[in-house]
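> The residues making up each chain are set out below.
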Amino acid sequence: MIPSAFAYFAPTSVAEAISLLEQYGDEAKILAGGHSLIPAMKLRLAAPSVLIDITKIAELRGVVINGSINIGALTTWHTIEYHDGLKGVCGVLPEAVAQIGDIQVRNRGTLGGALAHADPSADATAVVLALDAQIRTHGPGGERTIAASDFFTDMLSTALEPNELITAVICNKLGAGEGAAYAKFPHPASRYAIVGAAAYVKLSGGKVSACRVAITGAGPVPTRQAETEQALLNSDGSDEAVAKATEESGTTMDVLGDIHASEDYRRAMVKVYTKRALTTALARARG
Amino acid sequence: MTTISVTVNGKQYTRDVEPRMLLVHFLREQLNLTGTHIGCDTSQCGACVVHLNGVSVKSCTTLAVQADGATVTTIEGLANGATLHPLQEGFWEKHGLQCGYCTPGMIMAAADLLKHNPNPSDAEIRHGLEGNLCRCTGYENIVKAVRYAADKMSVTTAD
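Chains as they are written, first to last, in this note's numbering: chain E, 1 to 287; chain V, 1 to 159.
Check the hints yourself; a few may be wrong.
[What the hints assert, rightly or not] Below, simulated DSS-like cross-link-like pairs (lysine-lysine); rule was C-alpha separation at most 27 Å, straight line:
no., chain 1, residue 1, chain 2, residue 2
1, E, K244, E, K271
2, V, K144, V, K115
3, V, K115, E, K87
4, E, K56, V, K115
5, E, K244, E, K207
6, V, K152, V, K115
7, V, K144, V, K94
8, V, K11, E, K56
9, E, K271, E, K202
Hints are computed from structural coordinates only; laboratory data are not their basis. Because the structure is a prediction, the values reported are computed rather than measured.
The shape of chain E in the complex, shown without the other chains (with noise of 0.2 Å):
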């Protein structure tokens, strides 16, 4: 299969690749690591007139660890998986880009391209929103910060303007007391989440002070778990706890059944591994 034509451009600098987009508009597409956008394009279920490609801007590449983590968006699920430093500060990430797809989709596949896209079985979008995550855009205005819960608007929609570019993704050193976890029900063939959940915790002299759930996989859009969170918090987060925080899980969201998992299925999935992600997490916490 071959994608219809397309004007090719490989900008070197963010400037460069926002007055692309202000030049061409809707007509463009933005390609990373293009394992979502190729094969849509060879498909030909999408057939943009012009592609930038993105991946000769070399600003937009590697993981910064000081005060927080700055992951540039170009950054591949590869550097990720494999990142020493990472593991201590925040080892929910590695943890879950070493689940997606296989070694050479995770040798191109970035964070920023996987946001963008907001596939609805991805597995980043579902850590950025338990890890609370920043996304930094670029456009002709300048850089915006949009928080992670902000992000994901709809079925492979997003916060970002059709001018716009994400540079970075942003979040939090996990410190002492502090614990996140992924746990995926991953298809057995495409190895995309069927479900999966994403939990951080936060204990405070005993007690949950923080804690976050989101789900992927099971319904149009990466969802919070407010009812779940809401449980946890204050209890001592004993296995009872979270039990009867997980219990009314997935209820209140949208969840889509196919030819893979019905909606119940994917439902009754949902505490599952609701339940094993925050476990998971919990357990982490206590160090």
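Take the given structure of chain E and dock chain V to it, following the hints.
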């Protein structure tokens, strides 16, 4: 048309390509390197895996223009003259193929796996080859072939 210059298996090629040309078509149709296969054409089977700047990629999901200035290694470039690469030897010795269609991609993916994990367990080999489908062997002998290569390469390194 865009002019690209790519070093493939140690030899530099300069060609005019359409931006929409996939790397696998560039290799097979422009350079006549037909060892790289097209299997599913939907980024799932791994028959088209080559190394781009030393990293394994699906050449059916990479544009030829993206390889401009890069170094590509295909299955044809893996052997050292008449001496097979340990992975090629392993697939030969352990009968890691039947029809052979998936073999070039399997070997190129396994080479990347062994680079990061020179002594993988059988489970790690299976996990590492998740992006490569074989419809003949049931994978048993493929795992043995990769194990054979890992053992042989570790001996060579120890020497």
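> Give a verdict on every hint.
Verification of the hints:
no., hint, in the structure
1, K244/E with K271/E, "11 Å, holds"
2, K144/V with K115/V, "17 Å, holds"
3, K115/V with K87/E, "21 Å, holds"
4, K56/E with K115/V, "25 Å, holds"
5, K244/E with K207/E, "15 Å, holds"
6, K152/V with K115/V, "14 Å, holds"
7, K144/V with K94/V, "6 Å, holds"
8, K11/V with K56/E, "23 Å, holds"
9, K271/E with K202/E, "20 Å, holds"
The earlier numbered hints are all upheld by this structure, with none contradicted.
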